[in-house]
Amino acid sequence: MNYITLTYWDLVIAALLIGVNAALSIRLRLSLERPLVIAACRMVVQLLLLGLVLKVLFETVSLPFTAAAALVMVLFAGYEVMGRQERRLKGWWSYGVGTGCMLFGGTIVTVFALTTQLQPEPWFHPRYALPLLGMILGNMMTGIALGLNTLATNVGRERAAIETMLALGYDRAEAFRPLIRESVRNGLIPIINSMSATGLVSIPGMMTGQILAGADPWDAIKYQLLVMFLIAGATGIGAGCAIYAMASRLTDARHRLRLDRLTVK
Amino acid sequence: MLRIRGLTRPGLEPFDFDLPPGEAVAMFGPSGAGKTLLLRAIADLDPNDGACALGDARREDMPAPDWRRLVSYMAAEPGWWGDRVGDHFADPDAGRKLLPPLKLPEDAMGWTLARLSTGEKQRLALARVLERAPRVMLLDEPTSGLDADTTRAVEAVLRTRLDDGAALLFVTHDIEQGKRLARRALFVDAGKVRERSL
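Listed in order, the protein sequences are those of chains A and B.
Oh and the first sequence: position 7 is 6 in numbering that gives the first Met the number 0, straight run, nothing missing.
Oh and the second sequence: position 119 is 118 in numbering that gives the first Met the number 0, straight run, nothing missing.
Source of the hints: derived by calculation from the structure; they are not laboratory data.
Since we're looking at a predicted model, the values are computed, not measured.
No residue lacks a Cβ here, since even glycine has one placed at the ideal position from N, Cα and C.
Possibly wrong hints are sitting among the right ones.
Here chain A is said to cover these stretches of chain B; the calculated rule only asks that three of the stretch's residues, wherever they fall, bring their Cβ under 8 angstroms from a Cβ of chain A [what the hints assert, rightly or not]: (1) 77-85; (2) 127-137; (3) 154-162.
Build out the structure end to end from the sequences listed, making use of the hints.
Have a look at this one:
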């Protein structure tokens with residue numbers, strides 16, 4: 000692959016555009032110049048660190064190091080999912096459910112892709128494993144957070160209906176069925192929308208990157224399709240597991256509704 | 000016979016209670032005294048301690064849904080999950096004949112939830128419990144908001160169930176209604192339950 004390597008001066012010139020934004024902010028008194036500059040600096044530092052980490056990982060190609068990096072990514076993604084929930088499970092459950100399900104779904108799908116479709120040598124090569132996992136996690140986060148939010152918000156609204164079903168002798172799976180259906184549906188809608196819009200409205204970032212890096216568009220598109228299928232699969236697995244886990248935590252073995260295990264807004 | 004020994008939960012002091020088949024017991028007490036907590040504890044809808052049994056069958060030996068089919072609780076404000084009345088019945092066709100004694104037309108089974116008044120909802124919620132023929136009914140203010148005639152109709156339906164051997168524990172604020180249906184009463188105040196005859 001041949002591509003145009005950027006010099007640091009190229010980046011400095013591009014960063015002038017941030018200066019344009021800052022000037023706009025000062026002119027309109029948005030008081031956004033500080034957050035703007037801080038965010039830009041954070042981005043630079045985070046990406047430089049990421050670059051250092053990736054360089055080391057790509058040179059060592061070690062399974063423990065790659066796995067550790069993957070775990071750190073999952074832990075951060077779990078934190079993000081927790082932060083996006085208005086009402087959440089009390090205690091560690093809130094973090095545990097989202098993180099556990101991302102670990103589960105993300106691992107399954109990434110390993111599946113690495114061992115059957117991509118087959119790099121060795122199979123866990125961080126050059127493939129980490130970017131794939133990153134894209135998968137980024138999209139799973141949205142699906143899981145939306146699904147859990149739907150469940151946590153609507154369980155309060157549907158409390159009377161659920162408790163009436165339980166009081167009449169329905170079990171907890173039956174009483175939660177409509178709610179679980181609605182939550183999984185909400186978790187899956189973003190990926191469905193993004194699949195229908197891909198190529199018409201948006202040119203996916205990953206594909207753009209590959210094309211800029213000199214890849215044949217056809218190859219880039221095949222990669223993009225692979226990634227979209229992986230994302231869809233992982234989101235379904237992750238959101239499904241997370242919603243079932245939360246629903247079972249919101250009930251107990253005696254088929255009671257346990258809203259006391261949910262935080263109050 | 001429903002036997003309760005040492006039933007307790009936060010907000011409710013331990014209490015013992017026996018309810019033989021065919022008998023009704025009224026429950027009185029100010030709002031917030033713990034009447035609903037008590038009924039919910041018997042139905043095992045909230046975490047609670049103590050022993051409940053129906054005849055020889057102990058509550059802890061059976062899955063909670065089985066217990067609640069035998070000992071059914073109806074909330075003061077019952078919930079609905081389907082779009083139509085019939086969605087809430089196990090067998091809407093057979094359930095039709097429960098409606099006229101409650102002063103509702105049989106075709107109410109096809110009505111949408113949105114058009115129901117509070118009083119209609121209350122009687123349909125009761126019909127939904129009656130359809131499942133529990134051995135013990137725990138009814139939280141089953142006739143609040145009904146006019147005198149309709150209240151009498153509901154009471155008549157409940158009395159036929161008592162004659163058939165069902166037992167009834169119900170919350171009411173009307174001492175006369177308590178006397179019409181029951182000879183014993185529970186008075187609940189600040190989580191303490193005392194039994195008296197009416």
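Going through the hints against the structure:
Chain A is given as covering the stretch 77-85 of chain B, and this holds because 4 residues of the stretch bring a CB closer than 8 angstroms to a CB of that chain, at least three being needed. Here's how the stretch 127-137 of chain B fares: 3 of its residues keep a CB closer than 8 angstroms to some CB of chain A, so the rule of at least three is met and the hint holds. Requiring three or more residues with a Cβ within less than 8 angstroms of a Cβ of chain A, the coverage given for the stretch 154-162 of chain B is violated, as only 0 such residues are present.
Of the numbered hints stated above, the single one contradicted by the structure is hint 3.
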